[in-house]
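**Student:** Model the full assembly from the supplied sequences, consistent with the hints where possible.
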Amino acid sequence: MVAGVLTSAVAAAVLAAAGTVAGTAHTGSGASEHTGTGASDSVEVRAEGRFAPPTAFVPSSAITYDQRLVPAASWIEVTQRSDQRGTRVSLRVKGLEPGYAYGVHVHQKPCGADPAAAGPHYQNEPGPMNPENEVWLDFTAGKSGSGKASALHDWGFRRGEAAAVVLHREQGGAGDRLACFSVPFAPPPVG
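In terms of mature numbering (1 follows the signal peptide of the UniProt record, and there is no 0), the sequence shown is residues -27 to -1, 1 to 164.
Derived by calculation from the structure, the hints in this document are not laboratory data. Only a predicted model underlies this, so the values are computations on that prediction, with no experimental measurement involved. Note that the Cβ used here is the ideal one computed from N, Cα and C, for glycine as well. Where hints are given, some of them may not hold.
Capping the alpha-carbon separation at 35 Å, the derived lysine-lysine pairs in DSBU-like fashion look like this [said to hold, decoys possible]:
| hint | residue 1 | residue 2 |
| --- | --- | --- |
| 1 | K116 | K67 |
| 2 | K82 | K116 |
| 3 | K67 | K82 |
| 4 | K121 | K82 |
| 5 | K67 | K121 |
The calculated label-pair distances, taken between Cβ atoms and stated as ranges, are [stated by the list, open to error]:
| hint | residue 1 | residue 2 | range |
| --- | --- | --- | --- |
| 6 | G100 | G59 | 14 to 20 Å |
| 7 | G148 | G115 | 17 to 23 Å |
| 8 | R58 | F30 | 29 to 35 Å |
| 9 | R131 | N103 | 16 to 22 Å |
| 10 | Q81 | E143 | 18 to 24 Å |
| 11 | N97 | R142 | 23 to 29 Å |
| 12 | Q40 | S117 | 16 to 22 Å |
| 13 | P101 | P160 | 36 to 42 Å |
| 14 | W128 | G72 | 19 to 25 Å |
| 15 | Q144 | S117 | 30 to 36 Å |
| 16 | G59 | G148 | 34 to 40 Å |
**Tutor:** So, in C-alpha cells, the structure goes:
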C-alpha cells in the first residue's frame, strides 16, 4: 500500500513537472518566443523547462539521463539574443547537484530518449572543439544547486543546425551526457 502511494506521488510530481515543459506556445512554461525590435533587426528566443526522465509519462523537452546530478523537476532556462553584430546565449539552472562542475554546449539536434540523439556540438565552422568555434556554457553549481553562464559570439546559428543544450559530466569539450534540453535556436535576422 505504501509503495502504491509513493508511486502515485512520484508520478504526480513527474506529471506536474513535465506538464510545465510540454508546450511551446506560451511564455514561462517550456515556451519559446521569437521577437523582433523593429524591422527584423534582432531575434530573441527564450525556453524554460523542468527535467524529467526519458521514460516520463508526459514527454518533456528537458530530459535527464542522470538523476543524481540533474534531478527530475530541476529547472533550466536558455535565452538567445541575436542581431547583425552577433549572438549571446545565456543559461540559468536550479536544483542541480551543489558544487558540481558541469560542461554545457549547444548541440545540433533535438533531445531524445537516447543521450546521443542531440548529435554533435554545433560549430560555427567545421573544425576544432573550442569556446570560440562553439557555444560553451560551463558552470559550477552553487550551494543551492543554481548556476548560470553566458557566451557571446560575433556569429549566429545557421537555420535548423542548432537545436539543444546538453549538460555534460565534465567541463570543456567532452564528457558523458547528463541531460538535454531542446531549444528552438534561430538564425540572426537578415539585415
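**Student:** Keeping to a limit of 35 Å between CA atoms, is the pair of K82 and K116 held or broken?
**Tutor:** Judged against 35 Å, a Cα distance of about 32 Å means the pair holds.
**Student:** Is K121 within 35 Å of K82, Cα to Cα?
**Tutor:** Since the Cα atoms of K121 and K82 sit roughly 22 Å apart, the hinted pair holds (cutoff 35 Å).
**Student:** Within 14 to 20 Å: is that where the Cβ-Cβ distance between G100 and G59 falls?
**Tutor:** Once the Cβ atoms are compared, 19 Å apart, the range 14 to 20 Å for G59 and G100 holds.
**Student:** So the hint says 29 to 35 Å: do the beta-carbon atoms of R58 and F30 match that?
**Tutor:** Given range 29 to 35 Å: violated, Cβ gap about 44 Å.
**Student:** Given the hint of 34 to 40 Å, check if G59 and G148 actually sit that far apart at their C-beta atoms.
**Tutor:** Hint violated: Cβ distance 27 Å, outside 34 to 40 Å.
**Student:** Within 23 to 29 Å or not, the Cβ separation of N97 and R142?
**Tutor:** Holds: the Cβ-Cβ distance is about 24 Å, inside 23 to 29 Å.
**Student:** Given the range 18 to 24 Å, decide if the beta-carbon distance of Q81 to E143 lies inside it.
**Tutor:** 20 Å, holds
**Student:** Kindly confirm whether 36 to 42 Å is satisfied by the beta carbon distance between P101 and P160.
**Tutor:** 23 Å, violated
**Student:** Decide if the proposed pair is consistent with the structure: K67 and K82, CA atoms, cutoff 35 Å inclusive.
**Tutor:** Measuring from Cα to Cα gives roughly 24 Å; hence the hint holds.
**Student:** State, for the Cβ atoms of Q144 and S117, whether the hinted interval 30 to 36 Å holds or is violated.
**Tutor:** 20 Å, violated
**Student:** Regarding the pair K116 and K67, is the alpha-carbon distance no greater than 35 Å?
**Tutor:** 11 Å, holds
**Student:** Range hint 16 to 22 Å: satisfied by the CB atoms of R131 and N103?
**Tutor:** 18 Å, holds
Violated hints for the displayed structure, listed by number in ascending order: 8, 13, 14, 15 and 16.
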